[in-house]
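With the hints as extra help, turn the sequences into a complete structure.
Here are the chains, one letter per residue:
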Amino acid sequence: GAVVSQHPSWVICKSGTSVKIECRSLDFQATTMFWYRQFPKQSLMLMATSNEGSKATYEQGVEKDKFLINHASLTLSTLTVTSAHPEDSSFYICSATVTGEHEQYFGPGTRLTVT
Amino acid sequence: AQSVTQPDIHITVSEGASLELRCNYSYGATPYLFWYVQSPGQGLQLLLKYFSGDTLVQGIKGFEAEFKRSQSSFNLRKPSVHWSDAAEYFCAVGFNTNAGKSTFGDGTTLTVKP
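Line order of the protein sequences matches chains A and B.
Residue numbers for the first sequence follow our numbering, beginning at 19 and rising by one.
Residue numbers for the second sequence follow our numbering, beginning at 30 and rising by one.
To be clear, the hints were calculated from the coordinates, so they are not data collected in a lab.
Warning: the hint list may mix true and false statements.
[To be verified] Computed cross-link-like contacts, EDC-like style, restricted to lysine to aspartate or glutamate with a CA-CA straight-line distance of at most 20 Å:
#1 B:K130 with A:E119
#2 B:K78 with A:E119
#3 B:K130 with A:E121
#4 B:K78 with B:E49
#5 B:K78 with A:E121
#6 B:K130 with A:E77
#7 A:K82 with A:E40
#8 A:K59 with B:D135
#9 B:K90 with B:E49
#10 A:K59 with B:D37
#11 A:K84 with A:E40
#12 B:K130 with A:E70
#13 A:K38 with A:E70
[To be verified] Covered stretches of chain A, going by a simulated chain B footprint (3 or more residues, C-beta under 8 Å):
#14 52-64
#15 114-122
#16 126-133
Where is the CB? At the ideal position from N, CA and C, for every residue including glycine.
What follows is the structure, given as structure tokens:
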């Protein structure tokens with residue numbers, strides 16, 4: 019149980035375009051989802067916390083107009099990187115949790131390359 | 030502010046040797062503690078977790094960790110390392126003031142020599 023999927027697993031897009039990444043909880047209802055960014059050989063950097071039906075809470079320094087997060091249902095959150103640039107190339111990981119629980123269930127990650 | 034420190038950036042051990050990866054945290058209350066493993070290009074896999082109770086916790090793949098409150102530590106151990114254990118290891122700390130949210134250490138890269 020507690021499986022989280024991400025789609026796509028990797029994506030290449032051109033500079034200036036937008037790309038959407040999906041995060042789904044497959045066998046449970048996720049009241050909260052987290053979005054992380056990971057650069058090579060570095061740790062996970064929390065970008066935002068997403069609660070179903072409400073606006074995401076962004077960490078300091080993360081541009082909310084650039085990284086649009088939508089958590090429309092208890093099983094789906096999306097991250098849209100708008101007007102992507104090469105410096106947005108990274109590994110994006112989502113995780114999901116249930117109200118009151120302290121464990122996160124991680125997705126497999128999405129590799130974004132902006133050319 | 031809460032923080033997590035993994036003092037060892039890179040550790041190399043021989044296959045069959047024992048392993049200990051260090052993790053220290055800074056937090057005013059009892060934290061929720063996790064160890065994850067990440068292979069290149071992959072997501073995170075939970076090895077083990079500590080919420081309460083017995084301070085020595087057993088995890089998957091033969092790993093164990095011990096919570097020492099007096100030292101604010103949660104070190105990960107394995108008695109005999111296998112070549113397939115080569116990966117990146119992350120310690121994470123969750124806080125009861127914000128369920129589900131965790132702070133991650135910078136990670137330790139484990140290399141296993143044949």
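message: So, against the hints stated earlier in the document, which numbers end up violated here?
response: The structure breaks none of the hints.
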